[in-house]
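Hey, can you piece these two chains together into the complex? The hints should help.
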Amino acid sequence: MYLKGRGRNFIQGVKEGLPIGLGYLSVAFAFGVKASLLGVPALITVLISMTNLTSAGQLAGITVIAEAGTILEMIATQLIINSRYSLMSISLSQKAVGNYTIPKRLFSSAFVTDEIFAVAVTKPSFGFPFFTGLSLLPYVGWVSGTVAGVLLGNVLPVEIQSALGIAIYAMFIAIIIPPAETNFAVLTVLFFSAGLSCLFYFVPFLSKTFSTGTAVIICAVVTAAVVSLIFPIKEKEYE
Amino acid sequence: MSSGTMILMILAMAVTTYILRSIPFVFIRRKIKSRYLKSFFFYVPYAVLSAMTFPYILYSTGNFLAAAIGTAVGLIAALFRRSLLMVAVLSCIAVLIVNYIPVIF
Numbered sequence: 571m572y573l574k575g576r577g578r579n580f581i582q583g584v585k586e587g588l589p590i591g592l593g594y595l596s597v598a599f600a601f602g603v604k605a606s607l608l609g610v611p612a613l614i615t616v617l618i619s620m621t622n623l624t625s626a627g628q629l630a631g632i633t634v635i636a637e638a639g640t641i642l643e644m645i646a647t648q649l650i651i652n653s654r655y656s657l658m659s660i661s662l663s664q665k666a667v668g669n670y671t672i673p674k675r676l677f678s679s680a681f682v683t684d685e686i687f688a689v690a691v692t693k694p695s696f697g698f699p700f701f702t703g704l705s706l707l708p709y710v711g712w713v714s715g716t717v718a719g720v721l722l723g724n725v726l727p728v729e730i731q732s733a734l735g736i737a738i739y740a741m742f743i744a745i746i747i748p749p750a751e752t753n754f755a756v757l758t759v760l761f762f763s764a765g766l767s768c769l770f771y772f773v774p775f776l777s778k779t780f781s782t783g784t785a786v787i788i789c790a791v792v793t794a795a796v797v798s799l800i801f802p803i804k805e806k807e808y809e
Numbered sequence: 004m005s006s007g008t009m010i011l012m013i014l015a016m017a018v019t020t021y022i023l024r025s026i027p028f029v030f031i032r033r034k035i036k037s038r039y040l041k042s043f044f045f046y047v048p049y050a051v052l053s054a055m056t057f058p059y060i061l062y063s064t065g066n067f068l069a070a071a072i073g074t075a076v077g078l079i080a081a082l083f084r085r086s087l088l089m090v091a092v093l094s095c096i097a098v099l100i101v102n103y104i105p106v107i108f
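Protein sequence lines correspond, in order, to chains W and U.
Using my numbering, you'd call the opening residue of the first sequence number 571 and step up by one each time.
Using my numbering, you'd call the opening residue of the second sequence number 4 and step up by one each time.
For reference, chain U alone in the conformation it holds in the complex (with noise of 0.2 Å):
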C-alpha cells in the first residue's frame, strides 16, 4: 500500500470514529427509548471482540500449539478475575515457555 492510501486509510479511520463520537455528544440531548435498539448496542462491543479473537488467537504466534496453550492459560486466568496485564502477560509467557520446549530438549 502507498503511503498516499495509508494516510487516506488512517483519515477515513479518525473521521468516521470522530464523528461516531462527536454528533450525538453536541446534538443529541435526549434518551434511545428503544429497547431493541439498546440491547443492539449493549451485544456488538462482545460480539466484535469475540469474532476478532477467535480464531485468529490461534494464529498469532507463529506456533499453533503455543497460541492454543496461550490460550487456554488466558482463557482460565480471566475466569479466576486476573487484570487485563496480568492476563496478557500470563498467556505471553505460556507461549514462550511451549515455544522453548523443543531448544531444552
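Excised from the complex, chain W in its bound form (with noise of 0.2 Å):
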C-alpha cells in the first residue's frame, strides 16, 4: 500500500527494515570475524561493507584478496555472484513510484539486497522515502556488525576466534536449506553446485589451475545452466 505523505512513508520503510537490520547485524559480524581471521586489514574489511552491503560477494572478494587474486578475477567473481541484484533491480525499477527521479534511483540502487528486495516487491508500489527508510536499518547494522566482528576479530582467544570460523557458513546454511526442503529443484541445485566446489577442491589438477573465486564462478554458473534447463521456474517465481 502506498501511502501518502513523505514522513509516514519514511518511518513506515524504517519499522520494516528494523527486522533485516538485526539480521545484518550478526551475518555482518561473521564477515568481519572471517575477514581478520583471513588476515584482510580490518580498516579495507569495513570499506568493503560500506561500499557493497552483500555477503556472499564480500566473502567471495576478500577471499580473492587473501589469495592475492586479480583484479579480473574479482570483477568476474562480483558480476556472477551479485548478478541476481540485477533482476532484483528490475523488478524494483517498475514498482517505483511518486517522482522517483534518476538521481534518487542511483542512490537507492546501492541499496538492493536479497531482504531490502523482498520486503519491498511485495508493495504494490513504493516511493524514495518508504525505501530509503527500508534501507536506514539495514545498512547501519551492517556496518556496525561488521565494524564489531574486525574489533573482537582480533581480541578473542584463540578457540574462540577459530569456532566463530563457521559462523558465516552456518549461516548460508541456514539461507539455503530451507527452501531446498520444499523445493526439489533448488535441493538439486545444492548438491549439483556442493559436488562441483568438491571436485574443485579435492582434485590436485583442478585446485592447481582454477583460484576459489573462479572455482565458485564455475560451479555456479554450470549448476544455475543446467538445472534451469531441467527445472524451469514457475511463471509466479521472481516477479
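Hint data in this document are derived by calculation from the structure and do not stem from the laboratory.
There could be a bad hint or two in this list.
Rough simulated footprint, nothing fancy, chain W against chain U, three-plus residues with beta-carbon under 8 Å [what the hints assert, rightly or not]:
1. 4-11
2. 17-29
3. 40-53
4. 60-69
5. 72-84
6. 94-105
Straight-line alpha carbon distances no greater than 27 Å define the calculated DSS-like cross-link-like pairs of lysine-lysine that follow [claimed, not checked]:
7. W/674 - W/585
8. W/804 - U/36
9. U/36 - W/693
10. U/34 - W/693
11. W/693 - W/665
12. U/34 - W/665
13. W/693 - W/804
14. W/674 - U/34
Chain U is nowhere near these chain W residues, computed Cβ spacing over 12 Å in every case [unchecked claim]:
15. 581
16. 582
17. 584
18. 586
19. 588
20. 669
21. 692
22. 706
23. 714
24. 717
25. 725
26. 774
27. 775
Backbone N, C-alpha and C define an ideal beta-carbon position, used for all residues, glycine too.
What follows is the structure, given as C-alpha cells:
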C-alpha cells in the first residue's frame, strides 16, 4: 500500500527495515571475524562493507584479496555472484513511483539486497522515502556488525576465534536449507553445486589451475545453467 | 598485497556490484520475458552459497573434526527452521565444545 506523505512513508520503511537490520548485524559480525581470520586489514574490511552491502559477494571478495588474486578475477566473481541484483533491480524499477528521479534511483540502487528486495517487491508500489527508510537500518546494521566483527575478531581468545570461523558458513546453510526442503529443484542445485565445488577443491589438477573465486563462478554458472534446463521455474516466482 | 592494489581491488568490487544494481534500476522499465533467464537468476544465489560453503566449511575452524560436527549441527538446526543467528550460534558452540574436549580429559 503506497501511503501518501513523505514522513509516514519514511517511518514505515524504517519499521520494516528493523528486523533486516538486526539480522544483518549478526551476518556482518561473522563476516568481520572471517575477514580478520583471513588477515584482511580491518579498515579494508569495513570499507568493503560500506561499499558493497552483500554477504556472499563480500566473502568471495576477501577470499580473492587473501589469495592475492587479480583485479579481473575480482570483477568476474562479483559479476556472477551479484548478478541476481540486476534482476531484482528490474522488478523494483517497475514499482518505484512518486517522482522517483534518476538521482534518487542512483542512490537507492546501492541498497538493493535480497532482504530489502523481498520487502519492497511485495508492495504494489513504493516511493523514495519508503525505500530510503527501509534501507537505513540494514545499512547501519551491516556496517556496525562488520566493525564489531573485525574488532572482536582480533581480541577474542584463539579458541573462540576459530569457532567463530564457521559462523558465516552456518548462516549460509540456514539460508539455503529451508527452501531446499520444499523445492526439489533447489535441492538439486545445492547438491550439484556442492559436488562441483568439492571436485575443484579435491582434484589436484583443478585446485592448482583454478583459484577459489574462479571455481565458485564456474560451479554457480554451470549449475544454474543446467538446472534451469531441467527445472524451469514457474512463472510466479521471482516477479 | 600492497595497500594500493588493495584499494584498487575494493574499488573494482564496489563499482562492479553497484553497476549490477543501478543500471537496471535506472534504465530498465520492462520485465524479463525469458523463462530460462529467470530460472537461471533464481538458481544462481543457491548455487553460489552452496559452492562457497562446501567443502570450505570443513576447513573453517582449523580442526576438521570440530568443523564437521559443527556442520552437522548447523544442518540439523537449519532443517528445524532455526533463525540465521541461532544456526550460527549452535554451530559455533558445537565447534567450541569439540575443541575443548581434549583440554577437559
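Hint check results:
1. 4-11: holds (count 4)
2. 17-29: holds (count 11)
3. 40-53: Three-residue rule met by the stretch 40-53 of chain U, so holds; n is 13.
4. 60-69: As far as the stretch 60-69 of chain U goes, the hint holds, because 6 residues have Cβ atoms under 8 Å from chain W.
5. 72-84: holds (count 8)
6. 94-105: Holds, because 7 residues of the stretch 94-105 of chain U bring their Cβ atoms closer than 8 Å to Cβ atoms of chain W.
7. W/674 - W/585: Cα-Cα ~21 Å, so holds.
8. W/804 - U/36: 13 Å, holds
9. U/36 - W/693: 21 Å, holds
10. U/34 - W/693: Within the cut-off at roughly 17 Å; holds.
11. W/693 - W/665: Satisfied, since the Cα-Cα distance of roughly 8 Å is no more than 27 Å.
12. U/34 - W/665: 11 Å, holds
13. W/693 - W/804: Judged against 27 Å, a Cα distance of about 21 Å means the pair holds.
14. W/674 - U/34: Holds, at about 21 Å.
15. 581: 23 Å, holds
16. 582: Non-interface label on residue 582 of chain W holds, nearest chain U Cβ at 21 Å vs cutoff 12 Å.
17. 584: Holds: least Cβ distance 21 Å, greater than 12 Å.
18. 586: 18 Å, holds
19. 588: Given a closest Cβ separation of 15 Å, the condition holds.
20. 669: 15 Å, holds
21. 692: At about 17 Å from chain U, residue 692 of chain W clears the 12 Å cut-off, so the statement holds.
22. 706: With a cut-off of 12 Å, residue 706 of chain W remains clear of chain U, as the shortest Cβ separation is near 17 Å.
23. 714: 15 Å, holds
24. 717: Residue 717 of chain W clear of chain U: closest Cβ-Cβ about 16 Å, beyond 12 Å.
25. 725: Holds, since 16 Å exceeds 12 Å.
26. 774: Non-interface label stands for residue 774 of chain W: nearest chain U Cβ at 14 Å, farther than 12 Å.
27. 775: 17 Å, holds
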